[in-house]
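S.K.: Listed here are the chains, written in short residue letters.
There are 2 protein chains.
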Amino acid sequence: MSNNPKKQVQLSHGGGGKEMNALIHKLFFKAFDNEILSSEEDAAALNLNGPTAFTTDSFTVAPLFFSGGNIGKLAVAGTVNDLAMMAAKPEYLSCSFIIEEGFAIDDLKTIVESMASELAKSGAKVVCGDTKVVPRGCADGIFINTSGVGEIQKQGISVKNIQPGDAIIVSRDIGRHGATILMAREGLTLDSELTSDCATLWPMVESLLNADIPVHAMRDATRGGLAAVLNEWANASDVGITVQESQLPIADEVKGLCELYGFEAFDLANEGTFIIALPKEHAEQALNLIQAHEDGKNAAIVGEVTEAHNGKVILKTPWGSSRYIDLPQGELLPRIC
Amino acid sequence: MSNNPKKQVQLSHGGGGKEMNALIHKLFFKAFDNEILSSEEDAAALNLNGPTAFTTDSFTVAPLFFSGGNIGKLAVAGTVNDLAMMAAKPEYLSCSFIIEEGFAIDDLKTIVESMASELAKSGAKVVCGDTKVVPRGCADGIFINTSGVGEIQKQGISVKNIQPGDAIIVSRDIGRHGATILMAREGLTLDSELTSDCATLWPMVESLLNADIPVHAMRDATRGGLAAVLNEWANASDVGITVQESQLPIADEVKGLCELYGFEAFDLANEGTFIIALPKEHAEQALNLIQAHEDGKNAAIVGEVTEAHNGKVILKTPWGSSRYIDLPQGELLPRIC
Numbered sequence: 001m002s003n004n005p006k007k008q009v010q011l012s013h014g015g016g017g018k019e020m021n022a023l024i025h026k027l028f029f030k031a032f033d034n035e036i037l038s039s040e041e042d043a044a045a046l047n048l049n050g051p052t053a054f055t056t057d058s059f060t061v062a063p064l065f066f067s068g069g070n071i072g073k074l075a076v077a078g079t080v081n082d083l084a085m086m087a088a089k090p091e092y093l094s095c096s097f098i099i100e101e102g103f104a105i106d107d108l109k110t111i112v113e114s115m116a117s118e119l120a121k122s123g124a125k126v127v128c129g130d131t132k133v134v135p136r137g138c139a140d141g142i143f144i145n146t147s148g149v150g151e152i153q154k155q156g157i158s159v160k161n162i163q164p165g166d167a168i169i170v171s172r173d174i175g176r177h178g179a180t181i182l183m184a185r186e187g188l189t190l191d192s193e194l195t196s197d198c199a200t201l202w203p204m205v206e207s208l209l210n211a212d213i214p215v216h217a218m219r220d221a222t223r224g225g226l227a228a229v230l231n232e233w234a235n236a237s238d239v240g241i242t243v244q245e246s247q248l249p250i251a252d253e254v255k256g257l258c259e260l261y262g263f264e265a266f267d268l269a270n271e272g273t274f275i276i277a278l279p280k281e282h283a284e285q286a287l288n289l290i291q292a293h294e295d296g297k298n299a300a301i302v303g304e305v306t307e308a309h310n311g312k313v314i315l316k317t318p319w320g321s322s323r324y325i326d327l328p329q330g331e332l333l334p335r336i337c
Numbered sequence: 001m002s003n004n005p006k007k008q009v010q011l012s013h014g015g016g017g018k019e020m021n022a023l024i025h026k027l028f029f030k031a032f033d034n035e036i037l038s039s040e041e042d043a044a045a046l047n048l049n050g051p052t053a054f055t056t057d058s059f060t061v062a063p064l065f066f067s068g069g070n071i072g073k074l075a076v077a078g079t080v081n082d083l084a085m086m087a088a089k090p091e092y093l094s095c096s097f098i099i100e101e102g103f104a105i106d107d108l109k110t111i112v113e114s115m116a117s118e119l120a121k122s123g124a125k126v127v128c129g130d131t132k133v134v135p136r137g138c139a140d141g142i143f144i145n146t147s148g149v150g151e152i153q154k155q156g157i158s159v160k161n162i163q164p165g166d167a168i169i170v171s172r173d174i175g176r177h178g179a180t181i182l183m184a185r186e187g188l189t190l191d192s193e194l195t196s197d198c199a200t201l202w203p204m205v206e207s208l209l210n211a212d213i214p215v216h217a218m219r220d221a222t223r224g225g226l227a228a229v230l231n232e233w234a235n236a237s238d239v240g241i242t243v244q245e246s247q248l249p250i251a252d253e254v255k256g257l258c259e260l261y262g263f264e265a266f267d268l269a270n271e272g273t274f275i276i277a278l279p280k281e282h283a284e285q286a287l288n289l290i291q292a293h294e295d296g297k298n299a300a301i302v303g304e305v306t307e308a309h310n311g312k313v314i315l316k317t318p319w320g321s322s323r324y325i326d327l328p329q330g331e332l333l334p335r336i337c
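So the sequences go chain by chain: A and B.
If you're matching positions, the first sequence starts at 1 in full-length UniProt numbering and goes up one per residue.
If you're matching positions, the second sequence starts at 1 in full-length UniProt numbering and goes up one per residue.
These are calculated hints, taken from the structure and not from any lab test.
There could be a bad hint or two in this list.
In the SDA-like style, the derived pairs of lysine to any residue whose C-alpha atoms are separated by at most 20 Å in a straight line are [stated by the list, open to error]:
1) A:Lys280 with A:Gln247
2) B:Lys160 with A:Ile24
3) B:Lys6 with A:Pro334
Computed spacing ranges between beta-carbons, pair by pair [what the hints assert, rightly or not]:
4) B:Asn288 with A:Gly330: 57 to 67 Å
5) A:Ala22 with B:Arg136: 28 to 38 Å
6) A:Tyr324 with B:Asn47: 30 to 40 Å
7) B:Gly256 with A:Gly123: 47 to 57 Å
8) B:Glu186 with A:Ala22: 26 to 36 Å
9) B:Ser38 with A:Glu307: 21 to 31 Å
10) B:Pro164 with A:Thr195: 55 to 65 Å
Every beta carbon over 12 Å from chain A, so not counted as near; a handful from chain B, in silico [claimed, not checked]:
11) Val112
12) Gly187
13) Gly240
14) Glu307
15) Asn310
Fair warning: this is a prediction, and the values are worked out from it, not measured in the lab.
In this text, a Cβ means the ideal position worked out from N, Cα and C, and glycines have one as well.
Construct the complete structure from the given sequences, taking the supplied hints into account.
M.R.: Okay, structure coming up:
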């Protein structure tokens with residue numbers, strides 16, 4: 001952090017007076033430039049018609065900057081992805097900062113600019129916001145909340161809609177975000193190119209919607225990883241899910257870290273990886289559509305939905321044995337997102 | 001805080017696994033009980049038609065519990081009021097918690113239950129949420145973000161819509177929230193009944209809308225107080241605003257604290273006090289409608305909008321002198337909301 005108070009966020013930047021006005025205009029309005037935001041009313045005035053998705057997420061990731069992203073990119077991608085998973089076009093985001101006194105203005109600028117470039121990937125706009133500054137020691141750097149609304153393009157996609165016989169597709173190799181944060185946290189350098197998967201998923205989802213793929217369920221595998229999503233699905237739809245271990249795409253660096261720490265890649269968080277359940281006969285077409293995107297080139301069909309073992313997720317090993325994948329317990333990595 | 005770990009929030013409560021599921025179901029779903037929330041999709045599915053207001057606020061108030069409210073009541077009233085100020089009926093809220101490891105579950109329960117009772121005052125529902133837990137020392141107890149959406153009942157109310165000749169009404173005595181927090185922060189007891197004005201403003205706003213009062217601008221005077229709102233208005237509408245000091249309703253306890261600390265009541269934050277600008281001929285009717293509500297019984301016409309002195313707010317003293325009220329500078333009280 002800079003020692004020059006002019007280059008640091010001050011308590012007065014959150015006070016509702018002159019300094020806050022200056023910060024908002026010079027930094028936020030400039031980066032997020034749009035008419036709704038700059039109207040400066042108490043709330044943004046939108047025009048929405050019909051089924052609309054609404055979601056929220058607070059981001060507390062540590063470290064704030066990591067290989068492949070930072071808290072700002074994550075805060076946009078995370079909320080945009082929650083909308084995308086409801087087949088909703090990401091349209092309007094709110095953005096609320098809790099900043100620790102003394103936080104470097106340059107870092108804030110970098111974070112806000114990352115948010116602006118990530119917004120461009122889906123076309124969503126930040127239309128309202130809030131800034132709070134808390135005294136030194138009352139927060140750890142910066143926390144960001146984003147909430148989002150967007151028009152639902154296709155209804156009926158739901159965790160409760162999964163059918164026996166459905167195929168399960170994962171959009172890329174799993175566990176990258178969790179492994180990247182772990183590496184950063186432990187100060188590991190490894191001779192590796194490991195980066196977080198942190199990304200906006202809307203372009204891939206839009207391809208699936210445009211091709212009228214009859215997706216039954218769709219969810220991004222964030223905290224709790226693939227294991228949490230599949231367990232939720234098995235429960236909510238009262239079905240069994242079988243996963244072929246040999247089909248799970250996992251990068252070598254992630255495998256290595258998992259061996260070192262005794263983790264399973266399917267328990268690790270992702271921030272740009274989604275899972276879909278859909279009728280088997282549409283699986284190849286969906287796979288091709290996902291693989292056509294750079295972020296989806298490692299996508300794979302990893303399992304299927306069964307009538308047996310309902311409520312359970314079963315992992316079949318390449319040696320013919322099988323075991324349950326449980327909902328993760330305890331806390332692998334605090335402040336992963 | 002309790003020393004029994006079972007009675008404290010643990011890092012695992014934010015991990016996306018079993019413990020988080022239990023917390024969400026036993027505490028949040030129970031208090032905020034509604035079908036949209038309990039559908040547990042990635043985002044809430046709403047049906048919105050036409051002009052919709054969207055707003056966000058993060059709450060970091062210290063202390064968390066204060067005379068007349070707590071951070072939970074504040075988090076609901078704050079966002080509901082931002083919607084109300086756009087003449088939007090508060091309908092759907094998101095709710096996102098950042099909780100410090102070790103936070104007492106009993107306190108969390110009290111906060112969440114306060115949120116539920118405050119929601120009942122406008123009929124708004126919490127339809128989506130998020131929970132993050134950060135390690136001890138990384139946050140100060142709990143921070144809450146709420147975002148909200150609601151249908152705009154009447155368009156055209158805007159900071160840019162104020163006309164010379166308009167009357168300015170304030171809905172109750174000013175400065176109570178700021179004074180209450182100051183008193184708590186300084187450990188003052190005074191022999192006083194001073195409580196925060198923290199409250200949901202929708203019932204009063206609804207009365208004005210139902211009576212078709214032609215409100216030009218409406219805003220709640222939170223951080224920066226009456227001074228910040230009037231300065232914003234004078235700027236945005238390019239008008240002058242004259243306030244009669246003798247007409248400003250201020251409780252004796254607030255006056256006393258202001259004298260003691262050298263503050264001005266019009267710079268202090270409010271959390272259940274709003275200001276309207278409207279054609280003079282409708283001012284008496286509006287005043288009567290506001291005064292019919294318990295929270296509005298001290299409402300008063302405090303000033304008028306002028307063509308002269310545009311961009312400026314002028315305070316006329318009872319002795320005939322006058323001075324400018326500026327946009328507050330610096331930080332009077334950090335973590336006021």
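S.K.: Within a Cα-Cα threshold of 20 Å, do Lys160 (chain B) and Ile24 (chain A) meet the stated pairing?
M.R.: Judged against 20 Å, a Cα distance of about 19 Å means the pair holds.
S.K.: Mind checking the alpha carbons of Lys6 (chain B) and Pro334 (chain A) for me, to see if they're no more than 20 Å apart?
M.R.: Given pair Lys6 (chain B), Pro334 (chain A) holds - Cα atoms ~18 Å apart, limit 20 Å.
S.K.: Report holds if the minimum CB distance from Val112 (chain B) to chain A is greater than 12 Å, and violated otherwise.
M.R.: holds, 16 Å
S.K.: Taking the Cβ atom of Pro164 (chain B) and the Cβ atom of Thr195 (chain A), is their distance within the range 55 to 65 Å?
M.R.: Between Pro164 (chain B) and Thr195 (chain A), where Cβ atoms are some 59 Å apart, the hint holds.
S.K.: Far enough from chain A: is every CB of that chain over 12 Å from the CB of Asn310 (chain B)?
M.R.: holds, 18 Å
S.K.: Between Tyr324 (chain A) and Asn47 (chain B), does the C-beta distance stay in 30 to 40 Å?
M.R.: holds, 39 Å
S.K.: Within 47 to 57 Å: is that where the Cβ-Cβ distance between Gly256 (chain B) and Gly123 (chain A) falls?
M.R.: holds, 54 Å
S.K.: Hint says 28 to 38 Å; check whether the CB-CB distance for Ala22 (chain A) and Arg136 (chain B) agrees.
M.R.: holds, 34 Å
S.K.: Does the no-contact call for Gly240 (chain B) survive, Cβ to all of chain A over 12 Å?
M.R.: Consistent with the label, Gly240 (chain B) stays out of reach of chain A, its closest Cβ about 19 Å off (over 12 Å).
S.K.: Using the Cβ atoms, figure out if Glu186 (chain B) sits within 26 to 36 Å of Ala22 (chain A).
M.R.: Taking Cβ atoms as reference, Glu186 (chain B) and Ala22 (chain A) lie about 29 Å apart, which means the hint holds.
S.K.: Is Glu307 (chain B) truly not at the interface, in the sense that its beta carbon sits beyond 12 Å from all beta carbons of chain A?
M.R.: Consistent with the label, Glu307 (chain B) stays out of reach of chain A, its closest Cβ about 23 Å off (over 12 Å).
S.K.: Falls inside 21 to 31 Å, the C-beta gap from Ser38 (chain B) to Glu307 (chain A)?
M.R.: holds, 26 Å
Violated hints for the displayed structure: none, as all numbered hints are satisfied.
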